[in-house]
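Chemist: Chains as they are written, first to last, in this note's numbering: chain A, 1 to 261; chain B, 1001 to 1244.
Fair warning: there could be bad hints in the mix.
In silico lysine to aspartate or glutamate, DMTMM-like type, Cα no more than 20 Å apart, as pairs [what the hints assert, rightly or not]:
hint	chain 1	residue 1	chain 2	residue 2
1	B	Lys1216	A	Glu133
2	B	Lys1008	B	Asp1101
3	A	Lys61	A	Glu125
4	B	Lys1215	A	Asp180
5	A	Lys5	A	Asp186
6	B	Lys1215	A	Glu125
7	A	Lys207	B	Glu1208
8	B	Lys1231	B	Glu1212
9	B	Lys1034	B	Glu1007
10	B	Lys1029	B	Asp1101
11	A	Lys106	A	Asp55
12	B	Lys1231	A	Glu209
13	A	Lys5	A	Asp159
14	A	Lys261	A	Asp168
15	B	Lys1044	B	Glu1090
16	B	Lys1240	A	Glu3
17	B	Lys1240	A	Glu125
18	B	Lys1008	B	Glu1056
19	B	Lys1192	A	Asp202
20	B	Lys1034	B	Asp1101
21	B	Lys1215	A	Asp215
22	A	Lys115	B	Glu1056
23	B	Lys1240	A	Asp135
24	B	Lys1216	A	Asp159
25	B	Lys1240	A	Glu133
26	A	Lys106	A	Glu75
27	B	Lys1239	A	Glu3
28	B	Lys1231	A	Asp135
29	B	Lys1231	A	Glu133
30	A	Lys106	A	Glu116
31	B	Lys1060	B	Glu1104
32	B	Lys1240	A	Glu116
Computed Cβ-Cβ distance ranges for the label pairs, DEER-style [said to hold, decoys possible]:
hint	chain 1	residue 1	chain 2	residue 2	range
33	B	Glu1195	A	Leu258	34 to 40 Å
34	A	Lys261	B	Phe1159	32 to 38 Å
35	A	Ser79	B	Ile1209	42 to 48 Å
36	B	Ile1142	A	Ser212	50 to 56 Å
37	A	Lys58	B	Glu1219	40 to 46 Å
38	A	Pro217	B	Ile1209	39 to 45 Å
39	B	Lys1239	A	Arg234	24 to 30 Å
40	B	Thr1139	A	Lys58	55 to 61 Å
Source of the hints: derived by calculation from the structure; they are not laboratory data. Don't be surprised by glycine CBs; every beta carbon is placed ideally from N, CA and C.
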Amino acid sequence: MSEGKIVSIHSFRGGTGKSNTTANLAAQIAMMGRRVGVVDTDIQSPGIHVLFGLDDQKMGKTLNDFLHGAATIREVGYSVGEHPAEGQGRAQLKGKQIFLFPSSIKGGEISKILKEGIDFNVLNEGLQTAISEFDLDYLFIDTHPGLNEETLLSIATSDVLIVILRPDNQDLQGTAVTVDIARSLDVPNLLLMVNKALPKHDASAIKAEIESQFDAPVTSVLPLSFDMAENASRDLFSLSYPDHEWSQALKNVVPFILNAK
Amino acid sequence: MIDAVLEKIREADFFQELSDDALAAVAAKATLRKYATGDALMRKGDPADSFHLILEGHLKIVTTDARGDEIIINRVGPGETIGELALVDERPRSAGAIALDNVEALELTKEAFFDLLDHRLDVSLGILRGFSNRLRFSTTYIEKVIDWSQKTAEGDYSFLEHTQPITNRPGTDDDKAAQLLSAFYSMVRRVKAREEGLKQQVEQLTFEIDQERRKKEFEEITGTEFYARLKEQAHTIRKKRQGL
Chain A
1 MSEGKIVSIH SFRGGTGKSN TTANLAAQIA MMGRRVGVVD TDIQSPGIHV LFGLDDQKMG
61 KTLNDFLHGA ATIREVGYSV GEHPAEGQGR AQLKGKQIFL FPSSIKGGEI SKILKEGIDF
121 NVLNEGLQTA ISEFDLDYLF IDTHPGLNEE TLLSIATSDV LIVILRPDNQ DLQGTAVTVD
181 IARSLDVPNL LLMVNKALPK HDASAIKAEI ESQFDAPVTS VLPLSFDMAE NASRDLFSLS
241 YPDHEWSQAL KNVVPFILNA K
Chain B
1001 MIDAVLEKIR EADFFQELSD DALAAVAAKA TLRKYATGDA LMRKGDPADS FHLILEGHLK
1061 IVTTDARGDE IIINRVGPGE TIGELALVDE RPRSAGAIAL DNVEALELTK EAFFDLLDHR
1121 LDVSLGILRG FSNRLRFSTT YIEKVIDWSQ KTAEGDYSFL EHTQPITNRP GTDDDKAAQL
1181 LSAFYSMVRR VKAREEGLKQ QVEQLTFEID QERRKKEFEE ITGTEFYARL KEQAHTIRKK
1241 RQGL
């Protein structure tokens, strides 16, 4: 078994920028020469493939195929470095070791998995095989928002769990439950990340308050950015706009992942 | 007409283009009026039959908003004229003028004014120049609003601190530019207040977690058979991985 780490990115509610954060963090770490995988376990509403420029036509075998035993993990892994998509950010991933394990976007495939459920041992075996076969340093998991069964499976198998929240009361309440679950499932590294903080808002005050509420490190406070929202699905924002304040704040999360035990 | 009054007329922006001789002709046609605090020189909707040059004291120029509340769109004082535009375009007063203290003003009726324009080319020309100055002034207003709109869009409200929306320039009761500026100012203040309110709300919200609900939701998730099995499986797998 490889020493690669499983990093799950989760948020209690949708719209926190979870997929964007996952894709950009994975891309940043791949740019540093690490071998990185990205698994979309958001089976109900897959989307991270779009950020890497993988469209329906190019999509081959999916995680769904693996889960029903119709494909191996090796067959599901899509090399982003060999097929860089359009966009000046994505183009930088050319030749990098970054592999995407997409979820099917076909309605029938989605409902099939949801009906049958996912076996923890099968998913875990898939993730471990992805790490060993692709010799990954980090395997990122983009989870479905909320705490449904497939998300709990992802949390249970994680070495690092990053919970993304917006600085509002509803997100804080949901994050509280997620934090408790992560501790109950013995996740060794629990990290928080705040996204969509209002401009001119005191980021250090938010960080201090949330850290004291949850007794877990807040890795970074990312600003609400219209530039980001406008460009998000067209490219990997932190690569195409490396000096933007959102990108700078995202990069602050990277050392927390690299230093996780 | 005494010299002191003539001196005041000479200082008025509206008459600044008039020669001494022309000023004397204006003064000869005007009547001195006195008003106490709270007196109305004119009310919104009144027919425009005269205009005033303020000699002493101050007035507020007022209109009403959609709800009928009074909006002060300007404040005028000595040397300023009110009501001259309405005289020319013959429309009813678009705003009222109320004395804020004891006011002395020279009133020039429509007849006297038109009579002057009819017989004195130098007066007509001087008045035209005055209007032309006003037009330029309105353009400056518009440029200001454009500049402030751009600043507001960028979230820079600093101009609120170091600019003053009330102006002591002439051109008041019909001055739509002044109204626009005033409305713009009040809009930006409200936008700023809303934005600050939103920021505070977010800060307060971060302090509130319903601990009972948190406990209840945690128990709902962890109380299932699925969860118990998952916890056990996760535990086994973690141990196995640590062992390697």
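Chemist: Now tell me, hint by hint, if it's right for this structure.
Modeler: A quick look at each hint next to the structure:
For a cut-off of 20 Å, the pair hint linking Lys1216/B to Glu133/A is broken: about 42 Å separates their Cα positions. As the CA atoms of Lys1008/B and Asp1101/B are separated by approximately 19 Å, the hinted pair is consistent with the 20 Å bound. Distance check on the hinted pair: Lys61/A and Glu125/A sit about 17 Å apart at the alpha-carbon level, within 20 Å; holds. This hinted pair checks out: Lys1215/B and Asp180/A have alpha carbons roughly 9 Å apart, not beyond 20 Å.
For the hint linking Lys5/A to Asp186/A, the alpha-carbon distance of about 15 Å falls within 20 Å, and the restraint holds. Among the hinted pairs, Lys1215/B with Glu125/A is inconsistent with the structure: their alpha-carbon atoms are about 32 Å apart, more than 20 Å. The hinted pair formed by Lys207/A and Glu1208/B meets the criterion: a straight-line CA distance of about 15 Å does not exceed 20 Å. With a CA separation close to 23 Å, the supplied pair Lys1231/B and Glu1212/B exceeds the 20 Å bound.
Of the pairs offered as hints, the one joining Lys1034/B and Glu1007/B holds, with about 18 Å between alpha carbons and a cut-off of 20 Å not exceeded. A threshold of 20 Å between alpha carbons decides the hint, and for Lys1029/B with Asp1101/B the separation of about 26 Å lies outside it, so the pair is violated. Using a Cα cut-off of 20 Å, the hinted pair Lys106/A and Asp55/A holds, with the two alpha carbons roughly 12 Å apart. Our distance criterion of 20 Å between C-alpha atoms is broken by Lys1231/B and Glu209/A, whose separation comes to about 30 Å.
Restraint check for Lys5/A and Asp159/A: the C-alpha separation of about 6 Å stays at or below 20 Å, so the hint holds. A C-alpha spacing of about 30 Å is found between Lys261/A and Asp168/A, which places the hinted pair above 20 Å, so the restraint is violated. At most 20 Å may separate the alpha-carbon atoms for a hinted pair to count; Lys1044/B and Glu1090/B meet this at roughly 14 Å. For the given pair, Lys1240/B sits about 12 Å from Glu3/A by alpha-carbon distance, which is consistent with the 20 Å threshold.
Distance hint between Lys1240/B and Glu125/A is fulfilled; the C-alpha atoms sit about 13 Å from each other, no more than 20 Å. The hinted pair formed by Lys1008/B and Glu1056/B meets the criterion: a straight-line CA distance of about 10 Å does not exceed 20 Å. The suggested pairing of Lys1192/B with Asp202/A holds, with an alpha-carbon distance near 17 Å, which does not exceed 20 Å. At most 20 Å may separate the alpha-carbon atoms for a hinted pair to count; Lys1034/B and Asp1101/B meet this at roughly 11 Å.
A C-alpha spacing of about 17 Å is found between Lys1215/B and Asp215/A, which places the hinted pair at or below 20 Å, so the restraint holds. Restraint check: the Cα-Cα separation between Lys115/A and Glu1056/B comes to about 87 Å, which exceeds 20 Å; the hinted pair is violated. For the suggested pair Lys1240/B and Asp135/A, the alpha carbons sit about 19 Å apart, so the restraint of at most 20 Å is met. With a C-alpha separation of about 26 Å, the suggested pair Lys1216/B and Asp159/A falls outside the 20 Å cut-off, and the hint is violated.
With a C-alpha separation of about 19 Å, the suggested pairing of Lys1240/B with Glu133/A holds against the 20 Å cut-off. Distance check on the hinted pair: Lys106/A and Glu75/A sit about 18 Å apart at the alpha-carbon level, within 20 Å; holds. Between Lys1239/B and Glu3/A the alpha-carbon distance is near 14 Å, which keeps this suggested pair within the 20 Å criterion. Distance check on the hinted pair: Lys1231/B and Asp135/A sit about 27 Å apart at the alpha-carbon level, beyond 20 Å; violated.
Distance hint between Lys1231/B and Glu133/A is unfulfilled; the C-alpha atoms sit about 27 Å from each other, more than 20 Å. Note on Lys106/A and Glu116/A: the hinted pairing holds, with a Cα-Cα distance of about 16 Å set against a maximum of 20 Å. Proximity of Lys1060/B to Glu1104/B is assessed by CA-CA distance (about 14 Å); at most 20 Å being required, the pair is judged to hold. A threshold of 20 Å between alpha carbons decides the hint, and for Lys1240/B with Glu116/A the separation of about 27 Å lies outside it, so the pair is violated.
Between Glu1195/B and Leu258/A the beta carbons are some 37 Å apart, a value that agrees with the proposed interval 34 to 40 Å. The given range of 32 to 38 Å is broken by Lys261/A and Phe1159/B, whose C-beta atoms sit roughly 52 Å from each other. Checking the proposed 42 to 48 Å range against Ser79/A and Ile1209/B shows it holds: the Cβ atoms sit about 43 Å from each other. The supplied range of 50 to 56 Å is met by Ile1142/B and Ser212/A, whose beta-carbon atoms lie about 51 Å from each other.
Remark: the range hint 40 to 46 Å for Lys58/A to Glu1219/B is upheld by a beta-carbon distance near 45 Å. Distance hint check for Pro217/A and Ile1209/B: the Cβ-Cβ separation is about 18 Å, which falls outside the suggested range of 39 to 45 Å. For Lys1239/B and Arg234/A, the hinted distance range of 24 to 30 Å is not satisfied, since their beta carbons lie about 44 Å from each other. About 58 Å separates the C-beta atoms of Thr1139/B and Lys58/A, a value consistent with the hinted range of 55 to 61 Å.
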